[in-house]
Each structure stands twice: as structure tokens, then as C-alpha cells.
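A.B. asks: The primary structure of each chain is shown beneath.
Protein chains: 2
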Amino acid sequence: MRQSQLFTKTRKDAPSDEVSKNAILLSRAGYIYKEMAGAYAYLPLGLRVIDNIKKIVREEMNALGAQEIIMTALQRKELWETTDRWSDEKVDVWFKSTLKNGTEVGFGWSHEEPITDMMKNYISSYRDLPVFTYQFQTKLRNELRAKSGIMRGREFVMKDMYSYVLDAEAHKKFYDATIQAYLNVFKRAGIGDRTFVTFASGGAFTEFSHEFQTLTDSGEDTIYLAREKGIAINKEVLRDDVLEKLGVKREDLEEVAAAEVGNIFDFGGMKSTELGLFYKNEAGESVPVHLGSYGIGITRLMGVVVEALSDEKGIVWPKELSPFAAHLVLAGTSETSRALAEEVYKTLSESGIEVLFDDRDVRAGEKFADSDLLGIPTRVIVGDRTANGMLEVKDRATGDVKEMTLDELTSELKK
Amino acid sequence: MRQSQLFTKTRKDAPSDEVSKNAILLSRAGYIYKEMAGAYAYLPLGLRVIDNIKKIVREEMNALGAQEIIMTALQRKELWETTDRWSDEKVDVWFKSTLKNGTEVGFGWSHEEPITDMMKNYISSYRDLPVFTYQFQTKLRNELRAKSGIMRGREFVMKDMYSYVLDAEAHKKFYDATIQAYLNVFKRAGIGDRTFVTFASGGAFTEFSHEFQTLTDSGEDTIYLAREKGIAINKEVLRDDVLEKLGVKREDLEEVAAAEVGNIFDFGGMKSTELGLFYKNEAGESVPVHLGSYGIGITRLMGVVVEALSDEKGIVWPKELSPFAAHLVLAGTSETSRALAEEVYKTLSESGIEVLFDDRDVRAGEKFADSDLLGIPTRVIVGDRTANGMLEVKDRATGDVKEMTLDELTSELKK
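Line by line, the protein sequences are chains W and G.
According to this note's numbering, the first sequence holds residues 1 to 415 in order.
According to this note's numbering, the second sequence holds residues 1 to 415 in order.
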């Protein structure tokens with residue numbers, strides 16, 4: 001895409017009320033636009049990042065055998081009353097409104113209830129299990145405060161997956177496979193080395209639940225990390241008996257700030273019992289279906305990646321998240337340099353490589369600063385002194401510069 | 001995909017309160033699930049159709065030079081007050097709620113206001129124009145009644161595009177190009193031959209606006225069609241002076257039922273003036289930006305296609321909308337037939353062809369009835385008598401049956 005055609009522009013300043021690094025950088029670079037506190041529009045570059053994250057998550061969830069669906073934002077009061085999660089005293093983030101006929105409706109902040117209720121149409125026998133399903137849903141939550149940019153919003157995209165299985169054993173198997181799939185997601189999202197499966201309190205059915213926590217100074221959570229052992233513990237379960245069970249000594253723990261990027265829960269048969277989702281086993285007995293739920297905040301993950309990987313010059317995208325594979329910057333002013341840049345653009349595009357081509361009529365220094373801010377991993381610079389067919393290729397993350405022929409660059413980017 | 005793995009099942013009956021053909025067939029076939037009147041979940045097969053429609057629309061909008069974004073559901077009261085579209089007297093489909101601090105918010109039923117307001121950040125000079133942008137947004141509308149299945153809902157997906165240009169002349173050019181792009185969309189969606197650009201009343205700026213109307217008995221609108229001339233007229237503008245202007249005689253008009261699948265509007269400079277979106281022209285004068293808006297109901301289009309193309313046995317998908325390219329039905333019970341079906345499944349899948357493989361352990365008659373209901377265009381039948389490597393291939397729309405080798409079938413489906 002030609003940058004001269006992109007309708008967004010970089011800005012020197014973010015909106016004055018932004019305090020979080022992710023929102024400041026993403027607003028300045030033109031990835032997002034703040035509609036109101038906690039609600040952001042995703043502009044062409046931002047939507048590309050979101051789509052890249054969805055692609056990774058979709059691939060990993062499909063590999064688990066999960067089937068994608070999309071539920072509704074509108075929620076039925078009587079359904080949520082069944083599980084005692086309708087009243088504002090029990091759930092304090094509901095947005096509610098009223099149909100013309102006076103019926104109260106809610107806007108989905110979570111979807112265990114409607115999905116589980118729907119499954120009564122499709123699950124009645126042990127032969128119908130297991131069912132794994134997920135969606136990318138825009139969740140609406142009436143949060144009291146919303147100051148963390150796209151890390152915690154009143155409106156945000158979440159991938160929520162649900163597993164319906166026979167029993168605890170089958171649950172454990174899928175749960176463990178999901179932990180691995182989640183680690184794959186975070187690795188591909190560029191934060192694998194700083195993201196830890198974290199022990200948290202387990203609720204009614206299991207001793208522990210698990211969170212995925214990414215180390216970043218701006219994280220809202222504090223976790224305790226036995227880095228050598230790759231074990232992390234949430235504040236809730238930082239007790240001597242837990243430490244003993246996990247074989248970790250208190251003095252080996254580092255207290256670190258972290259942001260939650262995923263969570264997985266075991267509901268056992270509770271929700272199914274409440275909502276009436278039972279299956280007949282081989283003996284003909286009625287058994288509640290065992291439910292697990294598995295979340296990844298898609299927009300939140302984008303924010304955490306910006307918080308964790310950006311530097312003083314701007315955003316640094318990992319390869320699989322970047323809106324473009326390469327940022328081609330025409331830094332020269334001569335006819336020759338423009339012709340060469342056009343040739344590079346054409347060749348890379350025809351090889352199926354996504355390129356943002358800064359063909360704008362502005363100073364090279366401004367282009368470089370914008371390129372640092374935008375954070376595309378590979379920058380290709382064509383200047384007036386570019387000669388002998390050698391292109392200057394700069395790595396955004398390390399700052400390393402290499403000279404490459406167009407052929408070499410094409411092969412490199414196709415990897 | 002193996003049908004035995006698909007969690008949805010076909011049903012003999014739709015929910016008892018469904019009256020529209022589209023909702024009845026799509027529910028019975030497991031494409032959609034009714035959460036409440038006017039709000040449907042899209043299940044694995046249904047989401048595939050929606051994604052196919054989005055793909056077509058995205059390709060055609062991108063070809064116009066439009067850039068995809070996604071705005072928010074949450075809407076600011078003060079913004080919509082600016083254009084006098086906040087009060088329930090002026091707009092009777094708002095869902096509204098209240099933030100914790102008492103601020104009223106709305107849920108987006110349309111997005112001209114927030115997109116135009118946002119553009120003040122990106123458009124200030126004639127050099128910034130034109131800007132064409134679009135989104136696939138879940139719209140929320142508090143409709144009094146919702147009985148047309150997915151054709152008119154309280155929650156539905158719409159593609160809305162916006163053009164910001166210099167003047168009426170530039171607008172006309174893009175508007176005309178969009179008419180052509182829309183006709184491409186409807187042709188690819190299988191309803192090109194029954195969809196007509198229809199003259200409707202134009203509002204403040206132009207004599208006419210345009211709708212795209214698809215002929216179907218269940219359509220909510222009545223249009224007047226000069227079929228020979230390819231001209232259609234909305235009831236609103238069925239006046240002698242209009243007929244004369246269009247060169248159509250009243251006695252040549254057919255009165256037909258139709259469903260609106262798209263619409264395009266010319267706002268002129270009105271919204272930009274109201275919201276303060278001006279650009280500086282070459283003479284340095286401040287001029288309101290000329291706005292056009294262009295809608296296609298994505299979920300509605302899916303419903304209209306079902307209404308228009310289905311037959312007494314079930315749904316008939318056009319090729320580009322079908323959830324799978326082929327429905328492979330194992331009708332035999334012998335080991336040989338199962339092995340052959342597995343081979344066909346493997347070969348087609350490895351050729352990149354999307355296949356639904358009915359490998360279930362149910363009677364052939366039930367499989368054929370389900371296949372008719374599901375509506376995948378090409379059915380491949382492997383029975384006990386399938387021999388000499390010849391496969392029975394049935395066209396869902398025409399009922400025509402051909403015998404083909406696996407090689408011939410693969411080539412045919414790859415077209």
C-alpha cells in the first residue's frame with residue numbers, strides 16, 4: 001500500500017487525556033482512534049494487526065479441533081437469572097437496555113450462559129461429545145474506570161472458547177492441550193519469552209486455575225516468578241502450602257509486574273447443571289456436561305505487545321503481528337531513486353509480500369521518524385546514493401543495517 | 001470437514017415461533033441459532049457463509065480504493081445531538097444505556113456521525129481528499145417487531161462505506177463506480193439476474209437516491225419494474241414526472257415484491273457542515289467535505305439469497321457463498337465404498353477444495369435429505385455400486401447427475 005493513499009496520519013501528540021503507553025503510541029501512529037474512554041476504533045493499520053492476531057489464534061484453536069461461531073451481543077435477562085448473574089449486585093459490568101415492549105435486555109460481557117444454553121439443542125448423548133467451539137466477540141463491559149488504553153476497555157474483542165466434554169479426565173486432556181496452544185499463540189505474538197503460565201485460585205472444582213501473564217512494567221497484576229523453574233504464582237495463591245506443593249521456595253521468587261493475556265477455567269458440571277445441559281451416558285444415566293472456558297483478549301494482547309516491546313522511538317511489531325512485512329522508504333529526491341523505489345515496490349508486491357511504501361513528498365528525516373513510530377519490522381531505504389542495486393535494510397528491533405540485493409531481500413521476506 | 005465432527009445437527013422443525021422461510025431453513029440446517037427475536041448466532045456453517053459474503057464485498061470495496069476500519073458500538077450522546085439524531089422522537093431504534101458515572105451512551109445503529117467526526121483528525125486540506133473507508137459492523141437497532149428472520153434484525157452485520165470527496169462531480173464519479181461494484185457483489189452472490197438498481201427519493205441534495213432491490217416473494221417492498229429497460233422505481237417516486245424523465249410508460253411497469261439488499265446516499269455537504277468537517281481548497285477557502293454513504297446488509301443478504309434461491313427441499317447456495325465447495329456423501333455401507341470415499345475426501349482436500357464429508361453412520365436417505373437441506377452446490381455420492389472409478393456428481397440447483405472420474409471432479413471444482 002502507498003502511504004500517500006493511507007488516510008491516517010502520524011501525530012506528534014496523542015489525545016491529551018491518554019495516559020497509557022499503548023494508547024499514546026497507537027493513537028500517534030494512527031492505528032487506533034479513541035471514540036470515548038475505553039472504546040477505540042481500529043483504523044486501517046490497526047485492523048491489520050487485529051486480523052493478524054485473529055489469524056494466529058484461529059489457526060491454533062482450529063488445530064485443537066475447535067469450531068468457530070459467533071454469538072450475539074444482545075442477552076436475555078431470564079437466561080442470566082438462571083445462573084444468578086443478572087443483577088448488578090452480582091455482576092457490576094452489565095450494560096442494559098429495554099426493548100420497545102418493555103423487556104429488559106443486556107449486552108454480552110461474557111458468553112458461557114448463552115453458549116451452554118444453546119448446546120442443549122446439539123448435545124444430548126455421550127455420542128455428541130466432545131464439542132469445542134470458540135468465537136471472536138466484541139464484549140461490552142460497563143467498567144468504572146478505563147485508563148489503560150486498549151488493555152482494558154468498555155468495548156473490546158475477546159476470543160472465548162468453550163469445551164464440552166464427558167468428564168474431568170477428558171477435560172484435563174483438552175485443558176492441557178489448550179495451555180500448549182496458548183503458549184504457541186503468545187510465542188507467535190512475539191511475547192513467548194516473557195509470558196508465563198501462572199497458578200491462580202481455582203474456584204469450586206480444581207485447586208488451581210491458570211492465567212497467562214506477560215511481564216511488563218505497565219501490568220496491572222503482581223505475580224511471583226520462579227524464573228529458573230518457569231513457575232509463576234498469582235498473589236491469591238501465594239501461600240506456604242501452595243509453594244510447598246509446587247516445590248518452590250519463597251526466597252527464590254521475584255515479584256514482578258505483569259499483564260494477563262489469557263485465562264482458562266474449569267467450571268466442572270456447575271454451569272451445565274444450572275442451565276440444564278445433561279447428556280445420557282452409556283448406562284442411560286443423565287450426567288451434567290463438563291465445561292471449560294478459555295479466553296484471550298485480542299485487542300488487549302495488541303496493547304500488551306506494544307507495552308512490552310516498544311522503545312523510546314515507537315512501536316516494535318513482531319513479524320506475525322505487523323500490519324506490513326516491510327516498510328519501503330523513499331529517502332532520495334532524484335528521479336533515479338524514485339524509479340528504483342517503484343521497482344522495489346512492484347517486485348515485492350508481485351511476490352505476495354505486504355509492503356507499506358512511503359512515497360510521500362516529505363523530508364527523509366520525517367519519514368524515518370514515522371517509520372520508527374509505526375514499527376514495521378523491516379525497513380528498506382532507497383536514497384539518492386543507493387547504487388549497484390544494493391538496498392539498505394534496517395531491522396526495527398535491533399537497529400542493525402544490512403545491504404542486500406532486491407533478490408536477497410525478496411527471499412528474506414518470503415521466509 | 002467431517003460431518004460427524006460438526007457439532008450442529010439438522011432438525012425436522014424450526015423453532016415454533018419462526019415464520020420466515022430464511023430463518024426456518026437456516027435454523028433447521030444448523031446455520032443459525034435464534035437467541036431472541038431479531039438476534040441470531042451464526043454457527044460453523046453459517047459463519048462460513050457470512051465470511052464468504054464479507055470476502056466478496058471486501059474485494060469489491062478494496063478495488064474501489066476503500067480502506068477497511070472498524071468503529072465502536074458505543075456512541076457518544078453529545079455527538080449525535082449535534083446532528084439532532086439522539087432523541088428517541090427523531091430516531092426510534094436507539095438502544096441506550098448509562099455509564100457508571102451517569103453519562104448516557106448509545107449503541108450504534110448507524111455510523112455516519114462518528115466516522116465523519118473522526119475524519120476531522122485526518123482531513124483538513126484538499127490534498128487529503130478523497131478518502132473512502134468502510135467497515136463490517138454489528139449494528140444494534142431496537143426494532144419494534146422482528147419477524148423476518150435474518151432479513152431484519154435487532155442485531156445484524158452491515159457493510160457501511162463512506163466517501164469523503166471534494167465536490168459533487170467527484171462524488172458522482174465514485175457513486176457511479178460504487179453502483180457497478182455493488183452489481184458485481186450481487187452477481188457473485190448469485191442474485192445478479194434478479195437484483196435491480198432502483199430509483200428512490202433523493203432527499204435534500206439529489207433528485208434520486210438508489211436502492212438495490214432483489215425480486216423475491218417475501219420482500220417487504222413493492223417496486224415497479226420496466227424489465228425490458230432494466231429500470232426499477234420505488235413506490236415513493238412513482239409519479240408521472242419521474243416516469244417521463246426516465247422514459248418509462250406506466251403501462252409497461254410490473255408491480256413486484258422485492259427486498260432491499262443495498263442502498264447508497266448522497267449527503268452533500270450537510271453532515272460535514274453539521275459536524276464541522278471542512279477542508280481548505282486551493283484558494284484557501286473553507287469548504288464542507290462532500291459525503292456519500294453506501295450500505296450492504298451482510299446478514300440480510302444471506303437471508304435474501306435463501307429466500308430467493310431455495311426450493312421445496314431446502315437451501316440452494318450459489319457457488320461463492322456456499323460453506324463448502326462440495327458435499328461428499330458416503331451412501332454405501334461396504335468397506336470398499338468407505339475406502340473410496342476416504343480417498344476422494346483426501347484427494348479433494350489436498351487440492352485445496354473445501355469439502356464437507358458426510359461420514360456419519362446414518363441411512364443414505366437421511367443423508368440425501370440433509371444434503372438437500374444444507375444446499376451445497378455440488379454433491380458427490382459414493383455408494384456400494386460405485387465402480388470403475390466413476391463418481392456420481394449431482395448439481396443441487398438443477399438436480400442434474402453426471403458421472404465423473406476423481407480427476408475430472410477435482411478439475412471441475414478447482415475452476
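Among the hints, a few may not be true.
Claimed, not checked - Straight-line distance between alpha carbons at most 27 Å, and here's what the computed DSS-like set of lysine-lysine pairs gives: (1) G/K173 - W/K96; (2) W/K96 - G/K100; (3) W/K100 - G/K394; (4) W/K120 - G/K34; (5) W/K34 - G/K173; (6) G/K173 - W/K147; (7) G/K173 - W/K9; (8) W/K34 - G/K147; (9) G/K77 - W/K96.
Calculated from the structure, these hints are not laboratory results.
Treat the numbers as computed from the prediction; the structure is a model and nothing was measured.
A.B. asks: Does W/K34 pair with G/K147 here, judged by a C-alpha cut-off of 27 Å?
C.D. replies: Violated, at roughly 36 Å.
A.B. asks: Below or equal to 27 Å on CA atoms is what counts here, so check W/K96 against G/K100.
C.D. replies: Satisfied, since the Cα-Cα distance of roughly 12 Å is no more than 27 Å.
A.B. asks: Under the criterion that the straight-line Cα-Cα distance not exceed 27 Å, is the pair G/K173, W/K9 satisfied?
C.D. replies: Status holds; Cα separation ~26 Å.
A.B. asks: Just to be careful, I want the Cα atoms of W/K100 and G/K394 compared with a cutoff of 27 Å; is the pair within it?
C.D. replies: violated, 48 Å
A.B. asks: Could you grab the alpha-carbon distance between W/K34 and G/K173 and see if it respects the 27 Å cut-off?
C.D. replies: violated, 32 Å
A.B. asks: For G/K77 and W/K96, compute the direct alpha-carbon distance and say whether it is at most 27 Å.
C.D. replies: holds, 16 Å
A.B. asks: Holds or violated: G/K173 with W/K96, Cα cutoff 27 Å?
C.D. replies: Between G/K173 and W/K96 the Cα gap is close to 43 Å, so the pair fails against 27 Å, i.e. violated.
A.B. asks: Holds or violated: W/K120 with G/K34, Cα cutoff 27 Å?
C.D. replies: holds, 13 Å
A.B. asks: Does the alpha-carbon distance linking G/K173 and W/K147 stay inside the 27 Å limit?
C.D. replies: violated, 43 Å
Hint compliance for this structure: hints 1, 3, 5, 6, 8 are not met, and every other hint is.
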